[in-house]
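Take the given structure of chain A and dock chain B to it, following the hints.
Chains A and B are the protein sequences, given in the same order.
Counting in the numbering used here, the first sequence runs from 1 upward without gaps.
Counting in the numbering used here, the second sequence runs from 1 upward without gaps.
These are calculated hints, taken from the structure and not from any lab test.
Please read these numbers as outputs of a predicted model, since none were measured by experiment.
Careful: at least some of the hints might be erroneous.
To be verified - Estimated spans, in silico, between C-beta atoms of each pair: (1) B:Phe303 x A:Pro276: 38 to 46 Å; (2) A:Val126 x B:Phe303: 45 to 53 Å; (3) A:Ala334 x B:Ala333: 49 to 57 Å; (4) A:Ala105 x B:Thr328: 43 to 51 Å; (5) A:Thr336 x B:Ala304: 52 to 60 Å; (6) B:Arg229 x A:Gly298: 27 to 35 Å.
Think of the CB as a built atom: it goes at the ideal place given N, C-alpha and C, for glycine as much as any other residue.
There are 2 protein chains.
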Amino acid sequence: MTWTTGPTNSLVDVAGVLVGHHTRTDAGWLTGTTVVRLPADGAVAGVDVRGGGPGTRETDLLDPRNLVERVHAICLSGGSAFGLAAADGVMTALFADGVGFPMGAPGEVVPIVPGAVIFDLGRGGVFGNRPDSSFGAAAYAAATDDAVVQGCVGAGTGAKAGGLKGGIGSASTVLADGVTVAALVVVNAVGSCVDPGSGQLYAVSLGLPGEFPALGPVDPERLAQARARAADEVGPLKPALATTIGVIATDATLTKAQCAKVSGIGHDGLARAIRPVHTMFDGDTLFTVATGARGAGGAPDLFAFHALLEAAGDTVSRAVGHAMLAATSTTTAAGTIRSYRDALL
Amino acid sequence: MTWTTGPTNSLVDVAGVLVGHHTRTDAGWLTGTTVVRLPADGAVAGVDVRGGGPGTRETDLLDPRNLVERVHAICLSGGSAFGLAAADGVMTALFADGVGFPMGAPGEVVPIVPGAVIFDLGRGGVFGNRPDSSFGAAAYAAATDDAVVQGCVGAGTGAKAGGLKGGIGSASTVLADGVTVAALVVVNAVGSCVDPGSGQLYAVSLGLPGEFPALGPVDPERLAQARARAADEVGPLKPALATTIGVIATDATLTKAQCAKVSGIGHDGLARAIRPVHTMFDGDTLFTVATGARGAGGAPDLFAFHALLEAAGDTVSRAVGHAMLAATSTTTAAGTIRSYRDALL
Numbered sequence: 001m002t003w004t005t006g007p008t009n010s011l012v013d014v015a016g017v018l019v020g021h022h023t024r025t026d027a028g029w030l031t032g033t034t035v036v037r038l039p040a041d042g043a044v045a046g047v048d049v050r051g052g053g054p055g056t057r058e059t060d061l062l063d064p065r066n067l068v069e070r071v072h073a074i075c076l077s078g079g080s081a082f083g084l085a086a087a088d089g090v091m092t093a094l095f096a097d098g099v100g101f102p103m104g105a106p107g108e109v110v111p112i113v114p115g116a117v118i119f120d121l122g123r124g125g126v127f128g129n130r131p132d133s134s135f136g137a138a139a140y141a142a143a144t145d146d147a148v149v150q151g152c153v154g155a156g157t158g159a160k161a162g163g164l165k166g167g168i169g170s171a172s173t174v175l176a177d178g179v180t181v182a183a184l185v186v187v188n189a190v191g192s193c194v195d196p197g198s199g200q201l202y203a204v205s206l207g208l209p210g211e212f213p214a215l216g217p218v219d220p221e222r223l224a225q226a227r228a229r230a231a232d233e234v235g236p237l238k239p240a241l242a243t244t245i246g247v248i249a250t251d252a253t254l255t256k257a258q259c260a261k262v263s264g265i266g267h268d269g270l271a272r273a274i275r276p277v278h279t280m281f282d283g284d285t286l287f288t289v290a291t292g293a294r295g296a297g298g299a300p301d302l303f304a305f306h307a308l309l310e311a312a313g314d315t316v317s318r319a320v321g322h323a324m325l326a327a328t329s330t331t332t333a334a335g336t337i338r339s340y341r342d343a344l345l
Numbered sequence: 001m002t003w004t005t006g007p008t009n010s011l012v013d014v015a016g017v018l019v020g021h022h023t024r025t026d027a028g029w030l031t032g033t034t035v036v037r038l039p040a041d042g043a044v045a046g047v048d049v050r051g052g053g054p055g056t057r058e059t060d061l062l063d064p065r066n067l068v069e070r071v072h073a074i075c076l077s078g079g080s081a082f083g084l085a086a087a088d089g090v091m092t093a094l095f096a097d098g099v100g101f102p103m104g105a106p107g108e109v110v111p112i113v114p115g116a117v118i119f120d121l122g123r124g125g126v127f128g129n130r131p132d133s134s135f136g137a138a139a140y141a142a143a144t145d146d147a148v149v150q151g152c153v154g155a156g157t158g159a160k161a162g163g164l165k166g167g168i169g170s171a172s173t174v175l176a177d178g179v180t181v182a183a184l185v186v187v188n189a190v191g192s193c194v195d196p197g198s199g200q201l202y203a204v205s206l207g208l209p210g211e212f213p214a215l216g217p218v219d220p221e222r223l224a225q226a227r228a229r230a231a232d233e234v235g236p237l238k239p240a241l242a243t244t245i246g247v248i249a250t251d252a253t254l255t256k257a258q259c260a261k262v263s264g265i266g267h268d269g270l271a272r273a274i275r276p277v278h279t280m281f282d283g284d285t286l287f288t289v290a291t292g293a294r295g296a297g298g299a300p301d302l303f304a305f306h307a308l309l310e311a312a313g314d315t316v317s318r319a320v321g322h323a324m325l326a327a328t329s330t331t332t333a334a335g336t337i338r339s340y341r342d343a344l345l
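Here chain A stands alone, though its shape is the one from the complex (with noise of 0.2 Å):
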């Protein structure tokens, strides 16, 4: 395996794809909207859900068998349902910019903009505080080729995992014939991320070489206590809606239908690096862009289709630990939720 990071480990070593984030913390709010921002053409796509519990929009329209190949941006919000409002705000602001499904004369063009939420309604103190269509105007005024900002912003400001605080992850892969693909994970899970034996984040043993820091043995006390907060996430007094939501990218020529699957393998990614995910609490969904830039030839064989889906379930899961380490302790007046650095190490 010659795999590599890219240049910033995060989603925006894709070329052409930008990332945004709003972000608001203050009294009462705890919550926030990431959007990923493509080529003014667009990029191809699909997406996959496998949560028991999803908040969407704009993912029929996905299924290969229909007309739109392209979009524009994905959002990815706070807020529940209420959270879907984001994208009409990454819609008006495309409009404006004249990006879209074009219709006709210039201008008269439709922004397709696909979404997806995450429950964290009341994790700032206020049930009823959460993203409208300005955080999508924001985030998309926001984004950027910087590095990923990860942890406590954007669509993972309010997030918690397993009893400890969740938040953004990213990461990137160049496989050894120069694709690139990456991802962005909000993670935010009823279960957890961390081995209940060893304390280690299961994405750990994942990464690249180097890529993680050298993690020394957790003490048995912390981790029976992290343990204990996280069996107290469910419960049948609790209704508890959690979801982990995300964008994969690459500049490899896909398909639709190639979208599609690489999604699906990027959840067995979730599936290693969260314990248990897709559960009925969870609505986690993922989505996959193809920018084309690379392969100009048309879609890759099947053998570099099979790399890149390896590539893309592995970095799925490097974006989760990501999101762990990088996730920090938060106090509102709903509580504390402690960051896995805190709790653990």
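Positioned in the frame of chain A, the structure of chain B alone reads:
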């Protein structure tokens, strides 16, 4: 067969189901939003997306494998993908009313509002004029159990079908066992609702006794003109998206999977009333909602469900017929769309 229509022959014949329209037709505008409001504890729901260019939100949660069983409203809107914003206004209004999926303390709810849109951009003369969240809020506020207003209202305001004016149509059927199944459709199709041989609406032959007015023979020359106009709808120089969407409602007690099955057979009703339909330029989507007011003993047996399915298909066809007969010729800066009545009767 002992089917009769319900008291209003429209969607509100299912007890507890309300319909509200918001319509905008001032200069530059020809669009609107229709909300189907359900009882406060929601209705079990399913969906089937069969068109090639759908615009939808919150359809993934309707997968029978997934957690959420009940929806609180369905939002149908003009505006293509932009119109998905209308559902934000419905969610906000439901939240203010304390209606939604319960997440804990009183008032901590997430309203479940699946939605779909039709393409009508530019038909009022200004491409950028489209529904926003205020349209959903207004349609929600207007919801009533009065007989559904049909024709060029709500989400059907800018609709057209086969070169003629489309719009909202509705119908209901009371089965022998007393179960009611009803449909509301927004007819906006690339294909035509008119038999090119006879000039009759396809749906008329599926009407219940006395339901549709007896129509005389159609003038051959007017029929030829209408056919030419329909053929003009799709061409390489005129990218056009259409889309017929709708809601089937019943007071039977159904599972989510059964609701999806009802939607599927509802699409057969579209197939009989519109030709072609489900094309790559249509995003045809049908939701089904079951209030469960009847059948406290649980789901109907297989033969009762069979009867319901058979009735659902024809009820959708009849609703299409009513849409075309209720539509009126419409002129905006973008031109004139003639109604079936004006073009052929």
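If you test the structure against every hint from before, which numbers come out violated? Of the numbered hints, 4 and 6 do not hold.
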